[in-house]
Amino acid sequence: LLLCNSTTCHPLNLTLFLFCLLLLSHDKLAEEDCEEDEYWSTTKGHCCNKCHGGFRLEQDCESSNRKSICKPCLNDYYIENSNNAPNCFRCRSCKSNERELSPCTRKKNRQCVCNEGFFKQSISNLTWQCLKCTSCGDGEQERISWSTNRECDCKEKFYRNSNKICEECQCLKAESSSVFPWISGNITMSQLARLTTVHILSLSLSPSDWQLAFVVVVIAFTSVVSYVCFGTLTMRGGPLSAFSACHFIYFLLQHVPASRFKELVRCLGVSERDIEWAERDNHTCKEAQFQMLKVWCDSGRGDEVDTLSRARLQKMTETLRAMGLMAGAEAIEANFQIL
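To convert, note that position 280 of the sequence shown is 379 in my numbering; the numbers rise steadily by one, no gaps.
Incorrect hints may appear among the rest.
[Claimed, not checked] The calculated lysine-lysine pairs, modelled on BS3-like cross-linking and capped at a C-alpha distance of 27 Å, are: (1) 206 <-> 194; (2) 219 <-> 206; (3) 385 <-> 361; (4) 170 <-> 207; (5) 385 <-> 256; (6) 393 <-> 361; (7) 254 <-> 207; (8) 231 <-> 254; (9) 393 <-> 254; (10) 231 <-> 263.
[As the list claims (entries may be wrong)] Pairwise CB distance ranges, derived in the manner of DEER restraints: (11) 417 <-> 353: 13 to 23 Å; (12) 264 <-> 422: 27 to 37 Å; (13) 359 <-> 210: 26 to 36 Å; (14) 354 <-> 191: 35 to 45 Å; (15) 380 <-> 132: 45 to 55 Å; (16) 174 <-> 234: 38 to 48 Å; (17) 385 <-> 216: 17 to 27 Å.
By construction, these hints were calculated from the structure, which means they are not laboratory data. In this text, a Cβ means the ideal position worked out from N, Cα and C, and glycines have one as well.
Turn these sequences into a full structure, and let the hints guide you.
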């Protein structure tokens, strides 16, 4: 609409333009006057009630004191909230490798989850696919969820060797309390495990190269059964001064509650930027946590590759104790002989 030519403006055109602006502003003000459960009908020029969830709008109300005409959604269609939409949404269909968790209703979309043996991988914010879980090997046990890939841990009395394979422990078994002559008085199970470990390390056993992984002590009434298992830490003339960072991280992840993990890495000095990068660059929570701890391990190892000093382990146990996570600190001390 051209109101003016190169020199003058026509009064009639200007009047029409101002009138149109007035109508538009009136519609805007009227729309703002509608209640939360109402909408402004541009065809009728007044507020109409919205349709309830599970219904779509068939026709606007004829007047402000009359109801809109709403129709229920057809089978396999839904609308969750109050609306003035002319059409319902089609419910999603469960794809291959999926099963129905909850059915489609007029007010709720169908919910699908992955079949057993498959896990959910997000493609975008709105789409995802089910992929086959990895298989656990010999000596491993499964922890499976429909939303994450299968994670495999070593079974009881197994340990993960340097090739990431779970091997069965080579155990020495002894019964009766007389196997602990170096201990006197009443002590806790945790103290017994630690003292027993120290004593065993002082013995001359065959083979001379000890590969100690952990000590499990079970006390039943007056009887004591001790299992000493040999794993990946080679003991030569006493406790080691350096440890595998990778082995330590996976061990620690089993002893720190997920709800306290970020608090732990912040106390250790891992920056917020490194925490955000770990969460962004890793698809699973466990891998993100591994990366956060890897940052802390790398910051204190110098030029050594994949090693962690005894001082860093002691720093970890001190931090865990300061946070009140006593069980985690004692587990590290017992497993890595930090006494």
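Indicate whether the distance between the beta carbons of residue 359 and residue 210 respects the range 26 to 36 Å. For residue 359 and residue 210 the Cβ distance comes to about 31 Å; the hint holds.
Within 27 Å, alpha carbon to alpha carbon, are residue 170 and residue 207? 16 Å, holds
Do residue 385 and residue 216 keep their Cβ atoms within the hinted range of 17 to 27 Å? Holds: the Cβ-Cβ distance is about 19 Å, inside 17 to 27 Å.
Look at the Cβ atoms of residue 417 and residue 353 and judge whether their distance stays inside 13 to 23 Å. 20 Å, holds
With a cut-off of 27 Å on the C-alpha distance, tell me whether residue 231 and residue 263 pass. 21 Å, holds
Taking 27 Å as the top limit, are the C-alpha atoms of residue 393 and residue 361 close enough? Judged against 27 Å, a Cα distance of about 14 Å means the pair holds.
Using the beta carbons of residue 264 and residue 422, state whether their distance is inside 27 to 37 Å or not. 33 Å Cβ-Cβ, so the 27 to 37 Å window holds.
Does residue 206 sit within 27 Å of residue 219, going by the straight-line distance between their CA atoms? 25 Å, holds
Please work out if residue 206 and residue 194 have their alpha carbons no farther apart than 27 Å. Between residue 206 and residue 194 the Cα gap is close to 21 Å, so the pair holds against 27 Å.
Given a hint of 38 to 48 Å, does the C-beta separation of residue 174 and residue 234 actually sit inside it? 40 Å, holds
Is the gap between the beta carbons of residue 380 and residue 132 within 45 to 55 Å? 50 Å, holds
Between residue 385 and residue 361, is the straight-line Cα distance small enough, at 27 Å or below? This hinted pair holds, its Cα atoms lying about 12 Å apart.
Taken one by one, the earlier hints fail for this structure only at number 7.
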